Amino acid sequence: MKRLRKLTNQQLVQKADQIRKELVEIAVKNEAGHIAPSLSSVDILTALYYRIMNISPDPEWEERDRLIFSKAHGCYALYAILSDLGYIPRENWENFYGGSFLTGCIERQTNQGLEAGCGSLGHGLPIAVGTAFGAKFQNKKYRTYCIVGDGEMQEGSNWEAIQFAVKHQLTNLTVIIDHNRLQAMDFLNNILTPNRKNDLQKKMRAFGFLVKTCNGHHIEDILAAIGEWVNNLQSLSAPQVVVANTIKGYGVFCMENVPKFHFRVPTEEELKKGKRYE
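In the numbering used here, the protein residues as written are 1 to 278.
Possibly wrong hints are sitting among the right ones.
[Said to hold, decoys possible] Label pairs and their in silico Cβ distance ranges:
{"id": "1", "residue 1": "G134", "residue 2": "G227", "range": "23 to 31 angstroms"}
{"id": "2", "residue 1": "Q11", "residue 2": "N215", "range": "27 to 35 angstroms"}
{"id": "3", "residue 1": "Q138", "residue 2": "R5", "range": "23 to 31 angstroms"}
{"id": "4", "residue 1": "K272", "residue 2": "E160", "range": "44 to 52 angstroms"}
{"id": "5", "residue 1": "N30", "residue 2": "L233", "range": "38 to 46 angstroms"}
{"id": "6", "residue 1": "E62", "residue 2": "F253", "range": "19 to 27 angstroms"}
Hints in this document: simulated from the structure, not taken from any laboratory. The structure displayed is predicted, hence computed values, not measured ones. Glycine included, each C-beta is placed from N, C-alpha and C at the ideal position.
Hey, can you work out the whole structure from these sequences and the hints?
Quick look at the structure:
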């Protein structure tokens with residue numbers, strides 16, 4: 001089976017900026033909220049799809065690596081990438097919310113590269129754990145990746161899945177936590193998450209995961225964190241997690257680290273404050 005071409009580090013940086021620009025333009029045109037949570041995952045998704053994951057032009061190739069995008073309200077970056085790869089028709093991405101099969105949260109369409117229906121938080125990680133367990137049980141070689149939000153890690157179902165993954169030594173599972181320190185209504189430590197350094201890292205390590213931290217907007221840092229595991233699969237003893245430090249709304253200055261932009265679409269005047277990708 002033909003594999004998709006891997007991009008160089010410089011090409012990955014350029015691709016991430018392309019995805020950011022396209023994401024903002026299409027979402028603003030369609031008056032779709034949840035732009036800010038989409039922007040914080042762009043670099044992570046770019047590194048996964050264009051370098052790390054084993055995928056082909058056929059989105060249903062049996063041996064493909066699986067990506068479960070649990071923080072599905074922030075799905076626009078994923079839509080943009082799957083469209084760029086040819087999995088999602090361009091017209092569906094450009095016109096989502098307007099007659100397209102694409103919705104504000106992900107609906108499962110494996111023939112379009114969408115592996116799992118998510119949106120109700122706390123579902124994607126358990127699905128990913130089940131997917132990884134199924135692969136191990138059937139002696140399949142594909143890996144499962146799961147991107148979750150840090151606010152989503154307040155969901156109890158995630159911690160049940162984490163225990164299961166450790167119990168069954170699912171070394172074929174890599175979780176990436178998009179750690180932008182914001183959830184729907186406010187900063188994490190104003191809602192439930194303790195305001196202590198490396199809280200998520202300490203919890204995941206205590207449960208038995210292998211843990212790394214990276215800058216979620218630095219391509220080389222992301223590649224180094226995940227790549228060390230992917231390039232040494234035989235030595236892995238447990239499932240892995242990368243806590244990726246990110247900025248919600250990254251790339252659009254008016255939206256960065258501002259809670260109200262979880263839902264709200266920026267105005268033309270606000271967008272004039274500038275963008276990182278220009």
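Query raised in the report: Any of the earlier hints contradicted here, and which numbers?
Result: Hints 2, 6 contradicted; others consistent.
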